[in-house]
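Note that the protein sequences, when read in sequence, are chains W and S. Note that our numbering has the first sequence beginning at 1, numbered continuously upward. Note that our numbering has the second sequence beginning at 1, numbered continuously upward.
FYI, nobody ran anything at the bench for these hints, they're computed from the structure. Incorrect hints may have been included.
Only pairs whose alpha carbons sit at most 25 Å apart, straight line, appear in this in silico SDA-like list of lysine to any residue [stated by the list, open to error]:
hint : chain 1 : residue 1 : chain 2 : residue 2
1    : S       : LYS219    : W       : TYR96
2    : W       : LYS72     : S       : LYS219
3    : W       : LYS121    : W       : GLU64
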Amino acid sequence: MNAPVTDTMPIQSSDDIVRVRQEVRRRAAAAGLGIVDQTKFVTAASEIARNTLDYGGGGIVRLEAVQDGARKGLRLIFEDHGPGIASIDLALTDGYTTGGGLGLGLSGSRRLCNEFAIESKPGEGTRVTIARWK
Amino acid sequence: MAQADIGQTIAKRRAEILKDWGHQLRDGGALSSGRLKEAELDTQVREFLDLFVQAVSTNEADTARKALRQNVAEVSRARAIQGFTPTETATFIFSLKQPLFDALTQEFGKDSAALIQGLLAVTEILDGLGLHSMETFQKSREEVIIRQQKEIAELSTPVVKLWDGILALPLIGTLDSERTQVVMENLLQSIVEHGADYAIIDITGVPTVDTLVAQHLLKTVAAARLMGADCIISGIRPQIAQTMVHLGVELNVVSKANLADALGAALRATGRTVATIKSASGGSALSKA
Chain W
1 MNAPVTDTMP IQSSDDIVRV RQEVRRRAAA AGLGIVDQTK FVTAASEIAR
51 NTLDYGGGGI VRLEAVQDGA RKGLRLIFED HGPGIASIDL ALTDGYTTGG
101 GLGLGLSGSR RLCNEFAIES KPGEGTRVTI ARWK
Chain S
1 MAQADIGQTI AKRRAEILKD WGHQLRDGGA LSSGRLKEAE LDTQVREFLD
51 LFVQAVSTNE ADTARKALRQ NVAEVSRARA IQGFTPTETA TFIFSLKQPL
101 FDALTQEFGK DSAALIQGLL AVTEILDGLG LHSMETFQKS REEVIIRQQK
151 EIAELSTPVV KLWDGILALP LIGTLDSERT QVVMENLLQS IVEHGADYAI
201 IDITGVPTVD TLVAQHLLKT VAAARLMGAD CIISGIRPQI AQTMVHLGVE
251 LNVVSKANLA DALGAALRAT GRTVATIKSA SGGSALSKA
């Protein structure tokens, strides 16, 4: 596997979320993802980015073009230094929300990606890694 | 060397400085884009230099400096609106350095202490004005952006009447919360005005439907229902439909593949139908008009 090309984008306002979506769509297309996979991954990125902003108080996303043999893909790592998630199992339950949303963002995103990982320490922050392969 | 001496030097060599400065600006391409006329630039240059002389030579330096800053702000704002780049705008101030330095060198060439003092004073003032110019430029650009955002928010959410009692709301672009608010208000207001029974929300132009957008849509539909209008959502593209299923979002509303189908459904629901007229001449009704 080649060394990944990493770029970082800030997530500090809802305009940043729009930019992240556009950039993810562009890179997903460049990685050769089809229109359905692009849309799925962009939607997942939008959900996680909004969580980073709304619950994590803002943070960053690292975008990595990844390659494994002939397979190409895109990996996104969202990081914030917010309050963290008390119970990841609970947060991943359909319909569970602490912010008045539909409660489907995190659990739904997991279903839209090939790779999905959450690391979170209460009081220190959260890191969500998602990836989609062609 | 007192500041008043600088003022006198500039006043004495005014014509020469103006000429040099004019050359610097033209070489820098101030006129090449055609956004600024030659006469306009000449006026700006003359006004600025005269105010500059006043600012360094009068006793009431505060008033004069304020006027000078005001002048810089006006010039910068005008350039921001005319679409100049930050560099082009800042060059207006900074390109005066060379002509002023030349004038001071010629005047105080032998007295190096006075020359250094003079150059320092001029640099300080011009740098301050340069920063002020950038600040005004930035602020004016932001004003333009905010105004355009408002215009876009207004323009891109028109509610159109398709038939008696049937409205359509073609959504285009990103549905962030501020615009969604405008969309909701427009739609609900139009439902009242037209006494509409059906509202078709067309999302063909919405690139991403995530849970927040879905929630906004559901809230709009619920509010419309409370006002006695049924909503039909149209234009859900295949990739968005698949994504929404995976996300687990259930849009509990009637939805149709495209706006035409949605209109057909609304017409049927209000007891109407669209029929083809059998015309003897075979020509189109529109072409006869």
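For each hint, the structure was consulted:
The straight-line distance between the Cα atoms of LYS219(S) and TYR96(W) is roughly 18 Å, inside the 25 Å bound, and the hint therefore holds. Proximity of LYS72(W) to LYS219(S) is assessed by CA-CA distance (about 39 Å); at most 25 Å being required, the pair is judged violated. Distance hint between LYS121(W) and GLU64(W) is fulfilled; the C-alpha atoms sit about 24 Å from each other, no more than 25 Å.
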